[in-house]
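J.: Here are the chains, one letter per residue:
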Amino acid sequence: MARTAAKQPAGKRVEAPKRTRLLIATRKGLWTLTTDGARRTWKLAGPQFLGHIVHHAMLDPRDGKTLLAAARTGHLGPTVFRSTDNGKTWKEAVTPPAFDAGSGRVVDHAFWLTPGHASQPGVWFAGTSPQGLFRSDDGGANWKGVAGFNAHPQRKAWCGGDQDGTPDGPKLHSVLIDPRDASHMYISMSSGGTFESSDGGADWHPLNQGVRADFQPNPDLEFGHDPHCVRFAAGNPDRLYQQNHCGLFRLDRPATRWTDIGTGMPKAVGYVGFPMVPHPHDPNSAWIFPMDGTDVWPRISPAGKPAAYRTRDAGKTWKRQADGLPKSQAWWTVKRQAMTVDRFPVAGVYFGTTSGEVWGSRDEGRSWKCLAAHLPHIYAVEAV
Amino acid sequence: MNHRVAIPSPLRSYCGGASTVTVACASSSPSLGDVLAGLERAYPGIRFRMQDEQGKLRPHIQVFVDASVQRNLAAPIPPGADIMIVAALSGG
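Line by line, the protein sequences are chains V and C. Under our numbering, the first residue of the first sequence carries the number 3, and numbering increases by one thereafter. Under our numbering, the first residue of the second sequence carries the number 6, and numbering increases by one thereafter.
Bound conformation, chain C alone (with noise of 0.2 Å):
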């Protein structure tokens, strides 16, 4: 099953600049962190800047699947859903 996922601005470095990249999950229903899993092999690197060694997503990072919040990796993503991936701004 593919994924849209829209990333943002800061971690676009990882995927070549694009805004938009498509993710393929073996499973035909992943969990919010197969898709992330499936980023990570896509563009090394990336998971770690928007998830902690713990597993959790950092406090500035936003997950939206549809038009919904989603912070739990393991909450299953419908068939054809769009991830959007939001770094919230912070600092000064």
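This is chain V alone, in the form it adopts within the complex (with noise of 0.2 Å):
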């Protein structure tokens, strides 16, 4: 794929992985794809739940072999499965995420799995649509509401109704957890905005100064957003970069307000997407894959010309990525969690589409190469 070197960022020195598998989550099912240190080569596994809904698949880095996939299928409710031989033999969860009987809430799917803070082994969390927060203590088994969120007396006014907001139920994504402190939190709502706990999810606050809501009648509001993805930069914590609904933006913390990075991009292709997905070594680096955000919202790639766009000046210039990529005619687009980077000293970048391809470059995005084709509509990639 390398028709140039891509440098290895500057400073520590970054050994490479032995390997790095793909978790390739779609909505007929789970399938891997794995490939050596070299990463020219690469095969297909699977599929794993076929028939089933999977809307993430995630690693346990704090173990290496623990695997978390949430799951759903048209007829049944949804649940969690777990492996703990990484793949090799699953079992559901015991106590799926549910919000408490009585509160008149039904989960509809769990969309978001986020392993828990280094220091507490076996916490993971999950984002469902509707929009709640729950917790595990036992990596996965059993799952409890974080009542700070899920009954917090100002969810309602954050949120709107359950369902209010994205075509297919609003969705709360982005759960991250600072490296440095496992009490200090951010989630991300597509009906709600991005919020901040201090207190381990005992309690929330809104954070999203600064960020544009075009569809609101106040445009500069403290909660409502959209956004559609957001993370912290490369060994940085207090960089956070975010794809919104309403432009591209980045927060330099303790600094509140964040600072508008789409102004940068081509007018003709625009600011709008679903993912964010920053380079594993470099803050100031990441990618975003545009969608078209004009007219009803397509949501495809504009003129069906697929292209990422990278920064490497956090967000001040945008350049397109697009050799190797179809050309023209190529209407698909990739879902918020379908972009991810390997851990490589030149990273590798992964994308999914929502016409189940898989893409990858092995240079930072220089060339591009389909790595698996025919699979179903694919809503999550991960390398593990």
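The reader is advised that the hints may include incorrect statements.
[As the list claims (entries may be wrong)] In silico contact screen, one side only, chain C against chain V (beta carbon under 8 Å); selected entries:
| hint | residue |
| --- | --- |
| 1 | 15 |
| 2 | 39 |
| 3 | 47 |
| 4 | 50 |
| 5 | 53 |
| 6 | 54 |
| 7 | 55 |
| 8 | 57 |
| 9 | 59 |
| 10 | 63 |
| 11 | 89 |
Note that these hints are calculated values from the structure, not bench results. Here the structure is a predicted model, which means the values were calculated and not measured. Where a beta carbon is used, it is the ideal one built from N, C-alpha and C, also for glycine.
Assemble the dimeric complex from its two separately framed chains, guided by the hints.
T.: Rendered as structure tokens:
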């Protein structure tokens, strides 16, 4: 794939992993793609959970062998499957995420899975649709609602009704745990915005100043925004990157006002998309994958010409990266969890499409190659 | 009182692949909810896939008691009645 050598970022030397595995969550099950340290050939395996809608699958980096998958089917209720042997065998959660009886709320699907802090082995968080936050203290076997959010007196004001927002249900996503402090967390919601907790989820406050909300009568709101994906910058949890319904933003804490970083995008492409993927080692670098957010919001690659865009200067400028991707008539898009990076010194970048293709680059997006095709609609890709 | 319950294919993984199971209920005149609770005792995890956390049957789950649709979990089950759980096809 590489035609020009990509340079490793300056600073601390990064060791190359011996292998990379992509967890590919789809509308019809879970697949994996595995490669060795050369990243030239990939082996597709699966499906697991054939016929289940798998919204996300994640590896626990603390033990390197526990996998969780958030699943449901068209007729059955939502659940979480767990493996403690790296995917060889799976068991269903004993108590899947569910709202409290009497609350009147019903989990439609678990959408987002985040392993907890390194100091809290076995702790996981799940974000659901409709928007709820859940925690497991036993590696995903039993889940309980995080009352500090789910029962927060302001939750309904922040989020609206459970039917508001995203076409297939409002989603709580981008659960971020500060690697320096287990009690410091961020969550984001497609109907509500980004929120911060400094006490392990007991209380929350909105963190949306500077983020546009063009779909509201008052565009400068405290909450009610639509972040699509929010991530920490590499090695710097004081920097957050956000792909929002209304643009691209960066926040450098302790500031509380987001900076618009979408002005450098070409007007014909715009700044709408789902994923936001920081570089694994360079806090100034990140990728996005724009989609068409004009007119009736087709949510496909602008003009049928898919391309990633990369910044190397924390969002001041963005460079188009489309070498190897279809040049026209490609009408797919990339969902918010469906783009990721590996941890090689020269990072591999991967994304899955709504048309069931997995694309990869082993030279930081300079060139792309199709790694798998004919899979179902892809919801999430994680490199582990 | 024992009741025969027909299990649809999406739920058979909970019952070791069985298409029909027998559920024991302590009461001589159990409700539909009692039968589903008995099913959960015998096959943990099965109930949440068809009944939500607020106690309602999920939209694509249908229950027949003998030949009649029954969605009221408080409804009494006649002695000897057969129960059939159907997972209506959905999605695409």
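J.: Quick check on residue 54 of chain C please, does its C-beta sit within 8 Å of some C-beta on chain V?
T.: Since the shortest Cβ distance to chain V is 4 Å, the answer is holds.
J.: Close enough to count: is the Cβ of residue 89 of chain C nearer than 8 Å to one in chain V?
T.: Violated: closest Cβ of chain V sits about 15 Å from residue 89 of chain C, beyond 8 Å.
J.: So, residue 47 of chain C near chain V? Judge it on the closest CB pair being under 8 Å.
T.: violated (15 Å)
J.: When the nearest CB of chain V is found for residue 57 of chain C, is that gap smaller than 8 Å?
T.: Holds - the Cβ of residue 57 of chain C comes within 8 Å of chain V, reaching about 4 Å at its closest.
J.: Return the status of the interface hint for residue 15 of chain C: holds when the least beta-carbon distance to chain V is below 8 Å, violated otherwise.
T.: Nearest chain V Cβ about 6 Å off; hint holds.
J.: Are residue 63 of chain C and chain V close enough, Cβ to Cβ, to be under 8 Å, as the hint says?
T.: Holds - the Cβ of residue 63 of chain C comes within 8 Å of chain V, reaching about 6 Å at its closest.
J.: Measuring from the C-beta of residue 39 of chain C to each C-beta in chain V, is the shortest one below 8 Å?
T.: Hint on residue 39 of chain C: violated, closest Cβ of chain V at ~17 Å, above 8 Å.
J.: Does residue 55 of chain C pass the interface check with chain V, least Cβ-Cβ distance below 8 Å?
T.: At 7 Å from the nearest chain V Cβ, residue 55 of chain C passes the 8 Å test, so the hint holds.
J.: Report holds or violated for the interface hint on residue 53 of chain C, using the least CB-CB distance to chain V and a cut-off of 8 Å.
T.: holds (5 Å)
J.: Would the hint on residue 50 of chain C stand, with a C-beta cut-off of 8 Å toward chain V?
T.: With a minimum Cβ separation of about 6 Å from chain V (threshold 8 Å), the hint on residue 50 of chain C holds.
J.: Take the shortest C-beta to C-beta distance between residue 59 of chain C and chain V; is it under 8 Å?
T.: holds (6 Å)
In this structure, the hints that do not hold are numbers 2, 3 and 11, in rising order.
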